[in-house]
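**Q** Dock chain B against the given chain A, drawing on the hints supplied.
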Amino acid sequence: MDIAELYTTAELAQIKLEDSEVESLGGEVSQMVAYFKKMMEVSVDALEPTTHAFIKKNRLRPDTFHPSTLADDILEQSPDLEDRFICIPNVL
Amino acid sequence: MTQQINWKETLADGGQKAYIAEVKKRDALVGSFLEFDPPRGKMARPQAEVQTTEELAGIPFAIKDNIALRNFKLTCGSKMLAHFVSPYSATAVEKILAAGGIPVGKTNMDEFGMGSSTDTSALGTTSNPWDLTKVAGGSSGGSAAAVAAGLVPFALGTDTGGSVRQPANFCGVYGLKPTYGAVSRYGLVAYASSLETIGVVAREIPYLEKVFNTIRDQDEKDNTTADWRDFSDPKEGEVTKIGVLTGSLGLDPGVAEAYAQVRQELLALGYEIVEMQLPMLDYAVPAYYTIATAEASANLARFNGIRYGHRPVYSENPEELVQKSRDEGFGAEVKLRILLGTYVLRSGFQDQFYLRAQKIRTALVRDFDKVFSQVDGFLLPVFPTQAFSHGDGGLDPFQQKVADKFTTTANLTGLPALAIPTGVSGGLPTGVQFMAPAFCEDRLFGLARRLKSNLTLGEPPEFPALYAGQEGRS
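Residue numbers (this note's numbering), protein chains in the order written: chain A, 71 to 162; chain B, -10 to 463.
Looking at chain A on its own, in the form it has when it is part of the complex:
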């Protein structure tokens, strides 16, 4: 994978590549992508894709109301809370 492709992929993945990481991580990504190309040896023309081992169609649950008691506990996870409001970091 060339450097430009690596940077584009990193941007899509929201990962900032440090200069020091480009060589090592870039090398490992290229090694794995080359390994993935081994899959080209197999003829897959007649095969349907398997997305899931056993479930062949989407499963839905009834759209019904269930009370949850977790709200306060989940709010407590926020690093900065004012009453029941989550304070977001100042990014201006």
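Mixed in with the good hints, there may be bad ones.
No farther apart than 27 Å at their CA atoms in a straight line, the calculated lysine-lysine pairs in the DSS-like style are these [said to hold, decoys possible]:
{"no.": "1", "chain 1": "A", "residue 1": "K108", "chain 2": "B", "residue 2": "K359"}
{"no.": "2", "chain 1": "B", "residue 1": "K359", "chain 2": "A", "residue 2": "K127"}
{"no.": "3", "chain 1": "A", "residue 1": "K86", "chain 2": "B", "residue 2": "K313"}
{"no.": "4", "chain 1": "B", "residue 1": "K313", "chain 2": "B", "residue 2": "K230"}
{"no.": "5", "chain 1": "A", "residue 1": "K86", "chain 2": "B", "residue 2": "K68"}
{"no.": "6", "chain 1": "B", "residue 1": "K62", "chain 2": "B", "residue 2": "K(-3)"}
{"no.": "7", "chain 1": "B", "residue 1": "K(-3)", "chain 2": "B", "residue 2": "K68"}
{"no.": "8", "chain 1": "B", "residue 1": "K(-3)", "chain 2": "B", "residue 2": "K13"}
{"no.": "9", "chain 1": "B", "residue 1": "K210", "chain 2": "A", "residue 2": "K127"}
{"no.": "10", "chain 1": "B", "residue 1": "K359", "chain 2": "A", "residue 2": "K126"}
{"no.": "11", "chain 1": "B", "residue 1": "K313", "chain 2": "B", "residue 2": "K31"}
{"no.": "12", "chain 1": "B", "residue 1": "K210", "chain 2": "A", "residue 2": "K126"}
Note that these hints are calculated values from the structure, not bench results.
**A** For chain B alone, kept in the frame of chain A given last:
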């Protein structure tokens, strides 16, 4: 430890102090726990309305740190979640709580389950109780090491590409990867949703079986679960034919020897052996890593410093906040897999990689349909090597991935698999694994039980069993 104790008494008022002291002494060497707090674990109660039993009453157990336990941290071995405390417990944990089990702590793991050594954990080092210079395997290395070191009789792990079976194999204990959908994934931090299952590590077969039967169930909180009883086929006594994977397997001598020995034992026990090959085996690993990294890149998008995870001290704008969070929060292996997953899902590359991998998955499913039309169980190695060394003396990250070829097949096909210890070679444990048709875990327990009587398993010399009251290992 001067005398053996009964597991049921370890956390009773009279025994708790000695138990905690002994675990702390042992774990200072092994490093299996990230958080160890039996008094807090004793306070845990099932929150959901579940039927309570006495099946595991008073028995201590450990939980891999990507499975939620209320009021305990849920770090996934990552700086990203180093301070995250779970507000609820996973369904599998709730079921064990309802059966009377007592969680004593959370175990170390490769960061987000990505690795085969537990060395990618950002939060601690876990070593193999058989030889502290070796890795415990991964990614459920902490769970396997805790069980092997005699700290708990069983532990929960997760298996996405072999992450329960390989560390169990390295540490000389049993490791079950159940059928996909047999155990709810609610409360498991998602890595590769179509592949991963919660599994069990145990030193004795009865615990393995009891715990699996406790946690398996359909769960309305995980729509991929199925009612195991609707599909299971208890024809344990009728298991007569075992398929054995043959061909050029590339095993280290100790592993090859154990594999050949089990084959002989199966013959001696009266099983008919059918030699078999898997045409798709060489493509399982590239297909597995394509699918697993693709799913990981989507699942780990939520760790961005806003929705979840490490928040940087300062950032100029939202984009920088997200990037800094991920840059500072994730380790190198996680970044590598997110990059790979993003790449294989990019427009223009999807057909070449992701779609092709899913079609190879179909071909592998067909391979196994054929296998189980001819035999009742299937024997294959777990990993080509025994436990390797920490650091540069071991396998590099790429070699570790390629070595997943025997374990990833069960995840791609959703089939159950059980790693069983077979003995010791060169001071380190050896083992094999069996696979069975979907929902036929009972066959795997049966095979393990029958083989056990013909094997000498031993235990780590520095960490003899702490407890009595269970059938001993011969």
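**Q** Checked against the structure, which of the hints given earlier come out wrong?
**A** 4, 7, 11
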